[in-house]
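Chains as they are written, first to last, in my numbering: chain A, 31 to 320; chain B, 296 to 533; chain C, 14 to 324.
Hints may be right or wrong, so weigh each one.
Restricting the straight-line Cα-Cα distance to at most 27 Å, the calculated cross-link-like pairs of lysine-lysine (BS3-like) are [as the list claims (entries may be wrong)]:
1. A/Lys191 to A/Lys107
2. B/Lys495 to B/Lys528
3. B/Lys453 to A/Lys191
4. A/Lys191 to B/Lys406
5. C/Lys146 to A/Lys291
6. B/Lys516 to B/Lys477
7. A/Lys116 to C/Lys197
8. B/Lys528 to B/Lys516
9. B/Lys368 to A/Lys191
10. B/Lys453 to B/Lys516
11. C/Lys312 to A/Lys116
12. B/Lys368 to A/Lys107
13. C/Lys16 to C/Lys312
14. B/Lys494 to B/Lys516
15. A/Lys116 to B/Lys368
16. C/Lys15 to C/Lys312
17. A/Lys189 to B/Lys406
18. B/Lys471 to B/Lys495
19. C/Lys197 to C/Lys16
20. B/Lys471 to B/Lys516
Counterexamples of contact, computed for chain C against chain A with all Cβ distances above 12 Å [said to hold, decoys possible]:
21. Leu27
22. Val30
23. Gly207
To be clear about the criterion: a stretch of chain C counts as covered by chain A if any three or more of its residues have a C-beta under 8 Å from a C-beta of chain A, and this derived list gives those stretches [said to hold, decoys possible]:
24. 127-139
25. 187-194
26. 249-255
27. 300-308
The set of hints was computed from the structure by calculation and includes no laboratory data.
Just so we're clear, the structure is a prediction, and the values are computed from it rather than from any experiment.
In this text, a Cβ means the ideal position worked out from N, Cα and C, and glycines have one as well.
The lines below spell out each chain.
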Amino acid sequence: MQYLVNGLIIGAVYAVIGVGFTLIFGIMQILNFAYGELFMIAAYLAYFGVTVFMLPLWLILILAMAVMFLIGFGIEKAVILPVRMKIPDWVVPVILVTLALQIILQNLALILEGGNFLGIPAYIMGSLRVGNFSVSYERLLMFGICVATLAGIWLLLRKTKLGLALQAVSQNRDAAILSGINTNTVYALCFGLSGLLISIPGVLMMPHLYAYPTVGQVPIMKAFAVTLFGGMGNVAGAIIGGFILGVAETLAAGYISALVKDGVAFAVMILILVFYPAGVGTLLTRRKLG
Amino acid sequence: MANELLRVEELSTSYGDLRALWGVSLEVRENEIVALLGGNGAGKSTSLRCIAGLHPVQSGTVLFEGRDLRAVKPHRRIREGLVLIPEERGIFPMMSVEENLKVGGFTIREKAGLETALAWVYGLFPVLRARRWQPAGSLSGGEQQMLSIGKGLVSQPKLLMLDELSLGLAPVLVLKLLDLLKEIHANGVTLVLVDQNVKKILSFCHRGYVFENGRIVLEGKAADLAADPRTRKAYLGR
Amino acid sequence: MKKSLLIGLVIMALGLVVPSVTDSEYYLHLFVLAAMFGVLAVYWNLLDGYLGLIHFGYAAFFALGAYTSALVTTRLGWPLLPAFAAGGVVAAVIGGLIIIPCLRMGSYATAIVTLAFAEIMRITATSWTALTKGEMGLWGIPPIFEGAGRTPYVYLITAILAAAVVVLSLIVRSYTGLAYVAIKDDETAAATTGIPVKRIKLTGTMVSCGVAGVVGAFYAHYILTITPALFGIAYTIQIMAMSLFGGKGTLLGPLLGAAVLLLMGEGFRFMENYRLIMYGLVIIATVMLFPEGLIGVVKRGGRLVSRRSGS
Ligand SMILES: Nc1ncnc2c1ncn2[C@@H]1O[C@H](COP(=O)(O)OP(=O)(O)O)[C@@H](O)[C@H]1O
Ligand SMILES: [Mg+2]
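With the rest of the complex left out, here is chain A:
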């Protein structure tokens, strides 16, 4: 029971990580290898927010979301857009660019901050006890914020004009242009949105991790797993995949050993893939985004 609760909480975080990653694949058909590095930047933002500026969590979160949205948006406009404009068949070149960005951002962090492991204490102390199991308030808050974020992204995709445009571009790019949708704006917004989404776990997980140049390796592995599990580019699938990965990992760590945690999760994913290669997302919904 305790494991299940912990699993669901971490699952919500994985779901947010997965959605931000799968969104870019769903709309642009590219894998963004610099995604983990966006997480890393958010982690540093949280670290400085707490230690240098001594801001409250809510302010850090809002600032990080805004900054990371701009960074994502800026990356698309500054380095991806020029490649797309120049090369008609841009998918592979853009993937290579994200690989290069990963290297650049990691080393920028190394130069600016050194390779130190920077940590912060918990944002909130105390925990909720019911019977013989307990959940820290901080984890509860993390869960709440992540679930709210997922609900928000769902509404955005399903109920707004921007959501309609995102779906249109993901399903038929030419037809979207012919309908008057500016795909360049959609792509940049999509990167911005992805940055915004990853900033949330980046900030919230800080007390459980450290900020260091290669911390992005952790979330990008989760993002890969969740995305594959849910079906590439499938947002609903990524949400389910996030929760299942969270629970599977926690159960594996609890009943077997912490060391095999990652391995078991991957093994489960592979088994499911063998049976549902398109990802479990397709069992739920044919539409990809929302």
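Position chains B and C with the ligands relative to chain A; hints supplied.
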């Protein structure tokens, strides 16, 4: 004589190293129905894609209502009243019929305007209203073609260009679609049609152009083209 | 056929010349690494550039070869030659087993399944301490050439590289190679014309992973200590970048990419920490200026020269 709506002058382009168009010139006047004819790979679709901005123009000009389209970004052309319904059915298979139509009306700002436009399209294609919540991908071929035409109409274009209207449709359905197009034309929409079915299409259009190997080899009144043996020859290729 | 042999001879000649030009241990070491990554980039590209399989776990098979060979020599006392072969065979067999479920999936699913398997292998190598000594890694691996400096390694890796390139160019020019081109062009069409797409992908993957295993075995007996980090995505990404940077779907592009990126990484060493940033920026600049990869630049340059000399 009616005003000129579209003028294409000496349009050339290529795919990679392969030249696809060699100086295509044509014009469409307001309220006309113009046919583009020619065998497979003659360059009809490429011309339409260049006009709509989906494929880059290498040389030549495209004027719409006298305005050089080079200054109008592809996604802005629909606002000018220029709409292309592409060969590969420009619909979004995983969206519902209604959402597809809403994307078609993406450029309409006011809600009321969108509602009116949707109502007009549903009036033309009652079957779409009946299927409005169904995913577009689950419609039959004919219904999908109606949806892509309907989607193109929501923005109430001045010029509607239709690539391969009857591709993969039963003859009865084609007749029905042509009837609908007549009605759409009566509503003041100028039409450019590409179709393999020369006879049927020429009996429907005012004028036509015949493409061969990326060039226009024949043009004239529909009746003259229908009578000209060279039309047939261009179709069959050599 | 002639061209393949010529390429092989040029590579061999290069390997023979390098040690006589420099006796700096450092430059010889760089050459060995460049040749090694060259083989890996060329054979990763066999999967991505020719067979449409995006393999994100490639480094794991390199590592698997390294571990296999290191273990059979240190634990079982096998001589080197069978140990190298064992490294190649184990990598080929496991590489083949893993790709089987992928053949039913799309290319991106393949990417992630291979990534996941690589991760599982890394975790296994980390946690199966009785066999692998875990994070500490294996050491005391017997060297190929006892106390002989780097020169013989240069010769050996050059021979491996030349053989690997010649073999691949022969494959690409054979009937199987025609099937590769067909698959690369249009997989469904290839399947309908009776090309056994799945079998060709499977054997291609086994060859590719097997070569990675042999190179891994070489690496283990060259560096003499290996750790589970070898299985990680970082190495695969490096190999991928070399391959894509050099020119996807070409024979020599990845080789060129490996050499240039490796030397560039070292060349920027004077910039210390800024080195890798420079490296990333050069990749981005190259993508923007020469989308077909470095090999595209070379070819274009070659055409220019021949046109000029022709007029
Ligand atoms: N996507 C493409 N890539 C390369 N060549 C193309 C492409 N589309 C069309 N072509 C070539 O351009 C020429 C014109 O084709 P198209 O405009 O589609 O002709 P049509 O619509 O009259 O059948 C043909 O030679 C065709 O092979
Ligand atoms: Mg056509």
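- Message: Between the alpha carbons of B/Lys368 and A/Lys107, is the straight-line distance 27 Å or under?
- Response: holds (17 Å)
- Query: Within the assertion that chain A covers the stretch 300-308 of chain C, do at least three residues meet a Cβ-to-Cβ distance smaller than 8 Å?
  - Reply: Result for this restraint: holds, n = 3.
- Under the criterion that the straight-line Cα-Cα distance not exceed 27 Å, is the pair B/Lys516, B/Lys477 satisfied? holds (18 Å)
- Would you check the hint for C/Lys312 and A/Lys116, treating anything up to 27 Å between C-alpha atoms as holding? Answer holds: C/Lys312 to A/Lys116 is near 19 Å, not above 27 Å.
- Item | Holds or violated: C/Lys15 to C/Lys312, with C-alpha atoms at most 27 Å apart | Holds - the C-alpha atoms of C/Lys312 and C/Lys15 are around 20 Å apart, at most 27 Å.
- Query: Can the restraint linking B/Lys453 and B/Lys516 be considered satisfied, given a maximum Cα separation of 27 Å?
  - Reply: holds (22 Å)
- Does the alpha-carbon distance linking B/Lys471 and B/Lys495 stay inside the 27 Å limit? This hinted pair holds, its Cα atoms lying about 12 Å apart.
- Query: Are A/Lys116 and B/Lys368 close enough, with their CA atoms no more than 27 Å apart?
  - Reply: holds (16 Å)
- Task: Determine whether the non-interface label on C/Leu27 survives the test: each CB of chain A must be over 12 Å from its CB.
- Result: holds (27 Å)
- Item | Pair hint A/Lys191 and B/Lys406, alpha-carbon separation not exceeding 27 Å | With Cα atoms ~12 Å apart, A/Lys191 and B/Lys406 stay inside 27 Å; holds.
- Item | Coverage of the stretch 249-255 of chain C by chain A, judged on three or more residues with CB within 8 Å | holds (count 3)
- Query: Within the stretch 187-194 of chain C, is the number of residues with a Cβ closer than 8 Å to a Cβ of chain A three or more?
  - Reply: Coverage by chain A is violated for the stretch 187-194 of chain C (0 residues, Cβ < 8 Å).
The structure fails hint 25 only (numbered hints given earlier).
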